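Asker: From just these sequences and the hints, can you work out the full model?
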Amino acid sequence: MQVVNKSLERPTPSAGTDPIVVEGLSKTYQVTDREGGFGAAMRSFVKRKFRDVKAVQNVSFRIGTGEIVGFLGPNGAGKTTTLKMLSGLLHPTSGTARVLGFTPWERNSGYLRAMTLVMGQRNRLSWDIPAADSFLLNQAIYRISDADYKRTFDELNELLELAPIIRKPVRNLSLGERMKCELAASLLHRPSVLFLDEPTIGLDISAQVRIRAFIKEYNRRSGATIVLTSHYMADVTALCERIIIIHHGQLKYDGKLADLSRRIAPFKLISVTLGECSDCDLTPYGTVVPSESNEASAKHSVQVKADEVATITARMLAELPVIDLTIEDPPIEDVIERAFHE
Amino acid sequence: MFAIYKQMWLVNWAEQWQYRANLLMYLAFWLVSPIVYLAVWTTIASAQGNINGLTAPDFVAYYMMLLIVDIATSDITIHIFAYKIMDGSLSNELVLPIHPVLQKVLVNNLAFKALQMLALVPIWLILYVLYQPVFSITAVNVLLAIPAIAFGFLLQFFAGTTITCISFWTTRAWSISDFYSNIFRLMAGQFVPLALLPAFMQTASQLLPFRLALYFPVQLLLGKLSIEETMLNIGLQMVWCVILFMLFRVVWRTGLKKYSAVGA
Numbered sequence: 026m027q028v029v030n031k032s033l034e035r036p037t038p039s040a041g042t043d044p045i046v047v048e049g050l051s052k053t054y055q056v057t058d059r060e061g062g063f064g065a066a067m068r069s070f071v072k073r074k075f076r077d078v079k080a081v082q083n084v085s086f087r088i089g090t091g092e093i094v095g096f097l098g099p100n101g102a103g104k105t106t107t108l109k110m111l112s113g114l115l116h117p118t119s120g121t122a123r124v125l126g127f128t129p130w131e132r133n134s135g136y137l138r139a140m141t142l143v144m145g146q147r148n149r150l151s152w153d154i155p156a157a158d159s160f161l162l163n164q165a166i167y168r169i170s171d172a173d174y175k176r177t178f179d180e181l182n183e184l185l186e187l188a189p190i191i192r193k194p195v196r197n198l199s200l201g202e203r204m205k206c207e208l209a210a211s212l213l214h215r216p217s218v219l220f221l222d223e224p225t226i227g228l229d230i231s232a233q234v235r236i237r238a239f240i241k242e243y244n245r246r247s248g249a250t251i252v253l254t255s256h257y258m259a260d261v262t263a264l265c266e267r268i269i270i271i272h273h274g275q276l277k278y279d280g281k282l283a284d285l286s287r288r289i290a291p292f293k294l295i296s297v298t299l300g301e302c303s304d305c306d307l308t309p310y311g312t313v314v315p316s317e318s319n320e321a322s323a324k325h326s327v328q329v330k331a332d333e334v335a336t337i338t339a340r341m342l343a344e345l346p347v348i349d350l351t352i353e354d355p356p357i358e359d360v361i362e363r364a365f366h367e
Numbered sequence: 011m012f013a014i015y016k017q018m019w020l021v022n023w024a025e026q027w028q029y030r031a032n033l034l035m036y037l038a039f040w041l042v043s044p045i046v047y048l049a050v051w052t053t054i055a056s057a058q059g060n061i062n063g064l065t066a067p068d069f070v071a072y073y074m075m076l077l078i079v080d081i082a083t084s085d086i087t088i089h090i091f092a093y094k095i096m097d098g099s100l101s102n103e104l105v106l107p108i109h110p111v112l113q114k115v116l117v118n119n120l121a122f123k124a125l126q127m128l129a130l131v132p133i134w135l136i137l138y139v140l141y142q143p144v145f146s147i148t149a150v151n152v153l154l155a156i157p158a159i160a161f162g163f164l165l166q167f168f169a170g171t172t173i174t175c176i177s178f179w180t181t182r183a184w185s186i187s188d189f190y191s192n193i194f195r196l197m198a199g200q201f202v203p204l205a206l207l208p209a210f211m212q213t214a215s216q217l218l219p220f221r222l223a224l225y226f227p228v229q230l231l232l233g234k235l236s237i238e239e240t241m242l243n244i245g246l247q248m249v250w251c252v253i254l255f256m257l258f259r260v261v262w263r264t265g266l267k268k269y270s271a272v273g274a
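Listed in order, the protein sequences are those of chains X and Y.
So in the working numbering, spot 164 of the first sequence is number 189, and the numbers just go up one at a time.
So in the working numbering, spot 147 of the second sequence is number 157, and the numbers just go up one at a time.
Among the clues, some could well be false.
To be verified - Pairs of lysine-lysine, DSBU-like flavour, derived with a Cα cap of 30 Å:
| hint | chain 1 | residue 1 | chain 2 | residue 2 |
| --- | --- | --- | --- | --- |
| 1 | X | 79 | Y | 268 |
| 2 | X | 193 | X | 175 |
| 3 | X | 74 | Y | 267 |
| 4 | Y | 94 | Y | 268 |
| 5 | X | 74 | Y | 234 |
To be verified - Derived Cβ-Cβ restraints for the label pairs, each shown as a range:
| hint | chain 1 | residue 1 | chain 2 | residue 2 | range |
| --- | --- | --- | --- | --- | --- |
| 6 | Y | 149 | X | 199 | 53 to 59 Å |
| 7 | Y | 39 | X | 196 | 22 to 28 Å |
| 8 | X | 196 | Y | 212 | 46 to 52 Å |
| 9 | Y | 23 | X | 116 | 41 to 47 Å |
| 10 | Y | 46 | X | 128 | 52 to 58 Å |
| 11 | Y | 180 | X | 152 | 41 to 47 Å |
| 12 | Y | 150 | X | 54 | 56 to 62 Å |
| 13 | X | 152 | Y | 245 | 24 to 30 Å |
| 14 | Y | 89 | X | 78 | 27 to 33 Å |
Treat the hints as calculated values from the structure; they're not laboratory data.
Here the structure is a predicted model, which is why all the values come from computation and not from measurement.
Cβ coordinates follow ideal geometry from the N, Cα and C atoms, glycine included.
Answerer: Written out as structure tokens, the structure is:
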């Protein structure tokens, strides 16, 4: 994964112009609404009832050149809908968005040439032919010169080790291999804005690590702006300094990942392993957290306010038969989960 | 620009070869009706001497020519594109800087046509030996048939793409397409040469665009039309192509606003 050259680099937009500017973006879907059963089916045939679903409501944010931003929220929060609007697939109900100076849903070919959308469960490769053929098709579609194609391909090949897999029909590839080819196919035209929707979904741990490292390296080399959604917190902590949290279609948080813990969860976890102690009660020290360890190891965790950590640690050390003690930040999953519901 | 079409053709060609059995089934589906009509009408005409002045050899020549023109001007958009709107896989194509219909579907149509033509050759030769049709083809007719077939195809292509775009609103665009195909077969001269239709249906078929995509090129190749008639029909084809193209554009643009990119 070492860097050999800088050829993925492209000129960055002039200072002061953020590549992604979103103002008051909203999307309301109209869905048919009917109960189950034959009677309801017949009534629905004669007269359909519609219901409005507000998928995204009045969302605004700006993203600067070269940023990697994690776009987080529970299922159905409106992440993918926002990404689809920014990549030009969906027209919003109201609001505006400018990406690289373009209005995405006008689908200007200049815009489509400068961005890419990778959806983990979708494919832009044809299943019946080797990925190499799909790459050549993309070369033609994006009008990439032979020299540029070769250079970019060599570089992607170095990062993703594509050579052994691109001659096999795509349907015979494993999920991880296919994802590598998907990413390569999406990046052959060297987009300066990437929308990655669950890029590591369904992959095993080692494949996830490789894809993550690749995204980071691509961003470093090319200075591309990346917006990514993921349910895997490891993706977010490894890649994103900044996160945007969306829930029920509304923006809940936009800022540094590190600040989120401090703001949402200003507490720490003190984990202690205790010696002989049959009636030790930890409740006076803080909120006892169910611990993963078993009875034998006698490891317990309490959640305490961040500004009381020193005092409580001292008290515990003085009052309890402590063998081992660690102070940790709460797991990021918990912090984000709390952020969703605040 | 040519490189895009070349690569799309190569990829599509390769994909379709992967599905040889599927291709043969489609071809059979396409050829069964005209071959049945050929056999039925020829038998009846032989027994009666003629039907409204058309003899058995007339029917043979008509349907043998129709087999070729039908493949050349037919459109398969509903089969290769409607599901993409319905299941959301259209999203994969909308992010590419090419037109999903006016470029990709068009090339897929042409690549499929080329394969169908290849597969038609042996079948057509067998029928030729069996029925021994007599054609009176002239070089002028063949030259005029080139734009007539091209516009005939475009006419069907824009009609087919417009109907397929109904998928943006309903998941039942196929039934509308089936209805359209049946009207087409009747009014374009596939069930029966249009000259044998009742008078009111002949009038209807003259007013509707369908005959321009099948009956007209067939009659032209069979040498049944004067230059004036031919030029008039080519003019009508162009007018209908423009109308249907405009209609497609409206439906496509409105449909995209409605598109909900499901599933992805």
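Asker: Each hint should be assessed against the structure and marked as holding or not.
Answerer: Going through the hints against the structure:
1. X/79 <-> Y/268: 15 Å, holds
2. X/193 <-> X/175: 20 Å, holds
3. X/74 <-> Y/267: Satisfied, since the Cα-Cα distance of roughly 21 Å is no more than 30 Å.
4. Y/94 <-> Y/268: With a Cα-Cα distance of about 14 Å, the restraint between residue 94 of chain Y and residue 268 of chain Y holds, given a limit of 30 Å.
5. X/74 <-> Y/234: Cα-Cα ~56 Å, so violated.
6. Y/149 <-> X/199: 53 to 59 Å: Given about 58 Å between the Cβ atoms, the range holds.
7. Y/39 <-> X/196: 22 to 28 Å: Since the Cβ atoms of residue 39 of chain Y and residue 196 of chain X sit about 25 Å apart, the hinted range of 22 to 28 Å holds.
8. X/196 <-> Y/212: 46 to 52 Å: Because 51 Å falls inside the window, the suggested range holds.
9. Y/23 <-> X/116: 41 to 47 Å: 35 Å, violated
10. Y/46 <-> X/128: 52 to 58 Å: 54 Å, holds
11. Y/180 <-> X/152: 41 to 47 Å: 27 Å, violated
12. Y/150 <-> X/54: 56 to 62 Å: 57 Å, holds
13. X/152 <-> Y/245: 24 to 30 Å: 44 Å, violated
14. Y/89 <-> X/78: 27 to 33 Å: The hint (27 to 33 Å, Cβ to Cβ) holds, given that residue 89 of chain Y and residue 78 of chain X are roughly 32 Å apart.
Comparing the model with each numbered hint stated earlier shows that hints 5, 9, 11, 13 do not hold.
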